[in-house]
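With the hints as your guide, set chain B onto chain A.
Chains as they are written, first to last, in this note's numbering: chain A, 1 to 113; chain B, 1001 to 1114.
Simulated from the structure, these hints should not be mistaken for laboratory data.
Keep in mind that the hints are not guaranteed to be accurate.
Said to hold, decoys possible - Here are the in silico distance ranges between beta carbons for each label pair: (1) 77(A) / 1058(B): 29 to 35 Å; (2) 1010(B) / 7(A): 45 to 51 Å; (3) 1073(B) / 40(A): 28 to 34 Å.
Claimed, not checked - Non-contacting residues of chain B with respect to chain A, defined by C-beta distances greater than 12 Å in every case (computed): (4) 1052; (5) 1056; (6) 1062; (7) 1063; (8) 1064; (9) 1070; (10) 1071; (11) 1076; (12) 1078; (13) 1080.
Note that the structure is predicted; figures quoted are calculated from it, not measured.
Here a beta-carbon is modelled for each residue, glycine too, at the ideal position from N, C-alpha and C.
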Amino acid sequence: AQSVTQLDSQVPVFEEAPVELRCNYSSSVSVYLFWYVQYPNQGLQLLLKYLSGSTLVKGINGFEAEFNKSQTSFHLRKPSVHISDTAEYFCAVPNNAGNMLTFGGGTRLMVKP
Amino acid sequence: NAGVMQNPRHLVRRRGQEARLRCSPMKGHSHVYWYRQLPEEGLKFMVYLQKENIIDESGMPKERFSAEFPKEGPSILRIQQVVRGDSAAYFCASSPPWGFETQYFGPGTRLLVL
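Okay, chain A solo, but in the shape it has when bound (with noise of 0.2 Å):
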């Protein structure tokens, strides 16, 4: 079965530092893997996802995910945020069949000016 940890529950950081979200997963099979962000009161928007090739991904509004197999991880980073960045972030991954998708338990980005 999968299972998605993120390690870090809440991470405050100053407007303009890099920040890094943690991700690591389980699976015995093939991996795609999904980064999503949540904006308070709203549902999840669709970050960056790891299908095949390269293993940095570029997603939208600047953030950026390497996936490294040995690892077993898929960590988000961005280099300089912004006081918008501020919501939940989700790292998930499907089941094998791909019909559902385990979520990790979220990461709060705190952006303080």
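Same frame as chain A, but now just chain B:
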């Protein structure tokens, strides 16, 4: 191309009443998924449907919950005899038949049971 639509956005019910949540997938999408997000938690899969078929309901509570995706019209998640523990945000997602691994989410319905 409109995104995934859910209504109502907010729903208040008293204990014992029925809650009916609707989801219209993106145009061209034939796969619908329902997830529940309890307060301060991540999303948990409930059910996966295609038109007129329930494909996987392994995440659905055994009682009071049901889902359908008819040939015409939106997908419906129905909760009978709601209890306070059903208070949560319910999200619908959809995907196209050719790229089922990428799911696009709606804004959610926030259910409050008094």
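*asked:* Tell me the hint numbers this structure goes against, listed in increasing order.
replied: Checked against the structure, the hints that fail are numbers 2 and 5, while the rest are satisfied.
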